[in-house]
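In case you want the letters, here they are:
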Amino acid sequence: MILWRRELSLAWAGGGGPLLACGFFLCLTVLVPLAAGGDPAGLKPVAGGVAWVALAVSSILSLERLFERDFEDGTLDLIALGPVPLELAVIAKAKAQWLAVGWPLAVTAPVAAITLGLPPSLAPLAALAALIGGLGFALTGALGAALALGSKRGGLLIAVVVLPLFIPPVVFGAGALERAANGLSPAPALAFLVAYVLFAGLITPFAGAAAIRNAQG
Amino acid sequence: MGIERRSQLGMCLMIAVDGLTLSRGERVLFRDLSFSAVSGEVLALTGANGAGKTSLLRALAGFLRPDAGTVAFADVDPAEARTKHLHWLGHLDGLKGARRAREELAFQAQWLGAGAGGVAAAVDVLALEPLLDLEVRKLSAGQRRRLAFARLIAVQRPIWLLDEPLSPLDARWRAALGLLMQAHVERGGTIIAAVHDPLPVAHRSLDIGAGR
Numbered sequence: 128m129i130l131w132r133r134e135l136s137l138a139w140a141g142g143g144g145p146l147l148a149c150g151f152f153l154c155l156t157v158l159v160p161l162a163a164g165g166d167p168a169g170l171k172p173v174a175g176g177v178a179w180v181a182l183a184v185s186s187i188l189s190l191e192r193l194f195e196r197d198f199e200d201g202t203l204d205l206i207a208l209g210p211v212p213l214e215l216a217v218i219a220k221a222k223a224q225w226l227a228v229g230w231p232l233a234v235t236a237p238v239a240a241i242t243l244g245l246p247p248s249l250a251p252l253a254a255l256a257a258l259i260g261g262l263g264f265a266l267t268g269a270l271g272a273a274l275a276l277g278s279k280r281g282g283l284l285i286a287v288v289v290l291p292l293f294i295p296p297v298v299f300g301a302g303a304l305e306r307a308a309n310g311l312s313p314a315p316a317l318a319f320l321v322a323y324v325l326f327a328g329l330i331t332p333f334a335g336a337a338a339i340r341n342a343q344g
Numbered sequence: 115m116g117i118e119r120r121s122q123l124g125m126c127l128m129i130a131v132d133g134l135t136l137s138r139g140e141r142v143l144f145r146d147l148s149f150s151a152v153s154g155e156v157l158a159l160t161g162a163n164g165a166g167k168t169s170l171l172r173a174l175a176g177f178l179r180p181d182a183g184t185v186a187f188a189d190v191d192p193a194e195a196r197t198k199h200l201h202w203l204g205h206l207d208g209l210k211g212a213r214r215a216r217e218e219l220a221f222q223a224q225w226l227g228a229g230a231g232g233v234a235a236a237v238d239v240l241a242l243e244p245l246l247d248l249e250v251r252k253l254s255a256g257q258r259r260r261l262a263f264a265r266l267i268a269v270q271r272p273i274w275l276l277d278e279p280l281s282p283l284d285a286r287w288r289a290a291l292g293l294l295m296q297a298h299v300e301r302g303g304t305i306i307a308a309v310h311d312p313l314p315v316a317h318r319s320l321d322i323g324a325g326r
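These protein sequence lines map, in sequence, to chains A and L. Residues 128 to 344, numbered by this note's numbering, are exactly what the first sequence covers, in order. Residues 115 to 326, numbered by this note's numbering, are exactly what the second sequence covers, in order.
Quick caveat, the hints were computed from the structure, so don't treat them as lab data. By construction, the Cβ of each residue, glycine as well, lies at the ideal position given by its N, Cα and C atoms. Just to be clear, a hint being listed does not mean it is correct.
To be verified - Distance ranges between label pairs, derived from CB positions: (1) A:L153 - L:A285: 55 to 61 Å; (2) A:R340 - L:D189: 20 to 26 Å; (3) A:R340 - L:A162: 26 to 32 Å; (4) L:R179 - A:A163: 51 to 57 Å; (5) L:G164 - A:I330: 35 to 41 Å; (6) L:S150 - A:R340: 54 to 60 Å; (7) L:A186 - A:P251: 56 to 62 Å; (8) A:R340 - L:L127: 22 to 28 Å.
Throw the hints in and build the complete structure from the sequences for me.
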């Protein structure tokens, strides 16, 4: 709990990382229609997918901060000697990442979706799906960040490790938007999204803590 | 009976290292190293650069898994000893540059389980008051070390593992920290410190490189 509060304040301090992620997200979504030419009709079928790819990429931006800084300045050693098992510390950090970056991105997601030509009626669904998916991104991202600890070019490595693992939430999240756009219920896709989050929540603490212990040795 | 209780009762075994073999990559740092430290004792680990002082300390703290051998803490489970009875102060102070000294000290003390008044006492003893509102990155290396040292005072834990604890400090603060270390072992604590310069406190030395 203490750790989680500190993480949150660290995420917002020094450079406004969350706002940067939102800005990046919006830039990406504005860039796509410009690059694709001025035909909104052509963009519509892929709008959900593009929004989710942009969301996934934006979620990666601040992951390097998550463990690498603590590793470099010795805080991670201190965390390991605290009263809380490392597994829970990983969860606390992932949760803070979700609150600090996932929530602002989820708030931005409807804007991005509408920019890409999705009907405004889908805005609440876009935000909800981005919120659930954001937790998945934070959990899987934390695992990637832990795995990349201590390597040079950690940021790039995180992206390469994590992006393939982001495929399921991108597919399910975009699927939810597409189903809703076609008048179908988005519930099945959202259920898969939740399942992914639960799975990531189960794997990340153990694998992440193991990766951190390995890096400390 | 836990370490805390025992340390009040005078001399007793705090750390027992038995047959420890440690390697970094392909290189074996030392083989079959055995030693122990009792309460009320300062043990200085000496040895040339690269002899494995830091690695040994990291193995004691549980960060490094030894190739062979055991580290035992009185009659307490090692995992519990490390999270409840042990302080670690390495080369890195574990402080965030962008945060204020006050916030960092408060977090560290809270995280490690400081009781009421612990932080205030540490601030007092280490004369940190004028530094508390500064950002950590604006502190000198010596000031940062003093700030990091404050958690050892704020939170009562009997075993201190210190890696070159005095190197960034000036003569006055070396002497002052020597007194704090003295006070800690007089209360029944144990200190194991990797050093190059002699410690300003009565100690027993263990040369890590000698066993090779």
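Hints, one by one, checked against the model:
no.: 1; hint: A:L153 - L:A285: 55 to 61 Å; verdict: 56 Å, holds
no.: 2; hint: A:R340 - L:D189: 20 to 26 Å; verdict: 25 Å, holds
no.: 3; hint: A:R340 - L:A162: 26 to 32 Å; verdict: 28 Å, holds
no.: 4; hint: L:R179 - A:A163: 51 to 57 Å; verdict: 53 Å, holds
no.: 5; hint: L:G164 - A:I330: 35 to 41 Å; verdict: 38 Å, holds
no.: 6; hint: L:S150 - A:R340: 54 to 60 Å; verdict: 26 Å, violated
no.: 7; hint: L:A186 - A:P251: 56 to 62 Å; verdict: 58 Å, holds
no.: 8; hint: A:R340 - L:L127: 22 to 28 Å; verdict: 27 Å, holds
Consistency note: the structure conflicts with earlier hint 6 alone.
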